[in-house]
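*Asks:* Since the structure of chain G is already known, use the hints to place chain E on it.
Those protein sequence lines, which keep their order, are chains G and E. Numbered according to my numbering, the first sequence spans residues 5 to 412. Numbered according to my numbering, the second sequence spans residues -15 to 152.
Worth flagging that the hints you see were computed from the coordinates, not collected in a lab. Note that the structure is predicted; figures quoted are calculated from it, not measured. Just so you know, not all the hints are guaranteed correct.
To be verified - Computed from the model, here is a short list of chain G residues facing chain E with C-beta under 8 Å: (1) 61; (2) 234; (3) 253; (4) 378; (5) 379; (6) 382.
Claimed, not checked - Derived coverage of chain G by chain E (criterion: at least 3 residues anywhere in the stretch with Cβ under 8 Å from a Cβ of chain E; other residues may be distant): (7) 67 to 74; (8) 348 to 360.
Just so you know, even glycine gets a beta-carbon here, dropped at the ideal spot from N, CA and C.
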Amino acid sequence: MMKTNQEFLTTIEQPGRPEIPYTTLNLGPTHPATHGIFQNVLQLDGERIVSGEQTIGYIHRAFEKIAERRPFYQITPLTDRLNYCSAPINNMGWHLTVEKLLGVQIPKRVDYMRVMVMELARVADHIICNSILGVDTGALTGFTYVYQWREFIYEIYEEICGARLTTNMGRVGGFERDFNKIVFEKTRKFLKDFPPVWREFENLLSRNRIFMDRTIDTGGLSLERALNYGFTGPNLRACGLDYDLRAAEAYCSYEDFEFDIPVGTTGDTYDRFVVRNEEIWQSLRIIEQAMLKIEAMEPVFHADSDHYYLPPKQEVYKNMEALIYHFKIIMGEIEAPVGEVYNAVEGANGELGFYLVSDGGRTPYRLHFRRPCFIYYQAFPEMVKDQLLSDAIVVMSSLNVIAGELDA
Amino acid sequence: MEEIQSEQLQQKLQEAFGQIYDIQGDTFGVFNLELPVNQVFGLILHLFRDNELGFNYLTDICGVHFPDQKGKELGVVYHLQSMRKSKRLRIKVFVPLEKPEVPSLTGIYASANWMERETYDFYGIQFVGHPNLRRILNMDEMIDFPMRKEFPLEDPLREDKADYQFGR
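The shape of chain G in the complex, shown without the other chains:
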């Protein structure tokens, strides 16, 4: 049960001061600066935060229960809606999990195509997180300036799969079709025109007096506490550990790429901002390498496994066998082997894991999403303790808590 306001009105005693009750403030559920629907009940001493308690679950949609009724292909749209800022990473993570269970061999070129898409998604996610952190400190200009490049990445998605936000991209075993020429043209334009814009955005904020005053030494967490709280991704790297799943447990042929892992030192809001900035540069490096590799290879875009990969749509219209296979796969008639898989990918904000238990049926027996936002948000009261109310906003913003992923 939620505590009532009366229970929160405890008192503090200080010598020479009359007893002052703490003020209880509801930050959220629908506050314009909380980036989603979650409630923080803060106790304030003046403007200083004494303690906080969160309530989540306002947009809980029971994805894990729904997944128990759906064949594997129909779970991809559910993963889109976890972290909707970087939906393709979730899609690929889910497909990699199913491929692991089914034992499908993926051609190298498909791996590179996936890497390219995932890194584009990571760039889009970091653009949103960092530019909105700027907005929370009062710099709206940077946000409006770089946001068009997120739209541009959405245009690249659109060329790949036809959708923009909830992409539902890819299939178990590869992609629905090959990347067309426009994908490469647009990506090349992105690699050419985006870096100067991003450099300008960095210059706007990273040495800005106001921004530095607001973010340095706010919301810091020691590495030990961060590990104890289960942090991963940029938020852990900002604390000083160079742990990245792309390097530590390379999946999807990430071992073929050259990139660095940026780390911070103190784990405060400024470090998280800088780590995300640097990750964008590394992602751009990876995209460039991936594009060169893809273009140099034979146009293979899916694994050669008739049982699990959907037949081409044109065949389905004309060929009876293809129609039967299409139907059997979509309706989940082809059974998966018995087993349990845990597969994790480096999502844009941390380790996104899928724990899948299969009993040999047409749907997962149990599917659990290990969502990084759910893990981060728990540490929020400890991070904002003894800080000012305005710091709570930038800390929450820099943690990159996405409500869709928090609640699943």
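*Replies:* Frame of chain G; chain E shown alone:
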């Protein structure tokens, strides 16, 4: 980073605890272990403290329900990770439906707090020693534990989606 092999890990665990667990070996790169409920806290504390193995990271806790396993209906699945040795470990504990009690790990890992609340919310597993065991994603007034298999997602009286409609 020096990787640890599954055989080494198995040997080390047996040195510390003797031949007491049901070790199931590797499945898809994760080392599997099934434990009786009274041993789980001791083993995880040992893994947390042992600097050589370095399993200082709790990745995930989730529940699972097998209605047909008599006396072992509800399960809790722990995923631990050793970042230094690049190794993952899965520990499974099964408890009966009548008395679903599992020790809480909140004293070891701060991250266990919400994960255990989520597992309680969905499966009704009581984590003994948890400081604040209440629902987290569903509403407080709810009395069911919705992820259990006896709560079907769709109306069971509907016939248009039954298996025989699809020739199964």
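*Asks:* Give a verdict on every hint.
*Replies:* Each hint, compared with the structure:
no.	hint	in the structure
1	61	holds, 4 Å
2	234	holds, 3 Å
3	253	holds, 6 Å
4	378	holds, 7 Å
5	379	holds, 6 Å
6	382	holds, 5 Å
7	67 to 74	holds (count 5)
8	348 to 360	holds (count 4)
Hint check: no violations occur; every hint is consistent with the structure.
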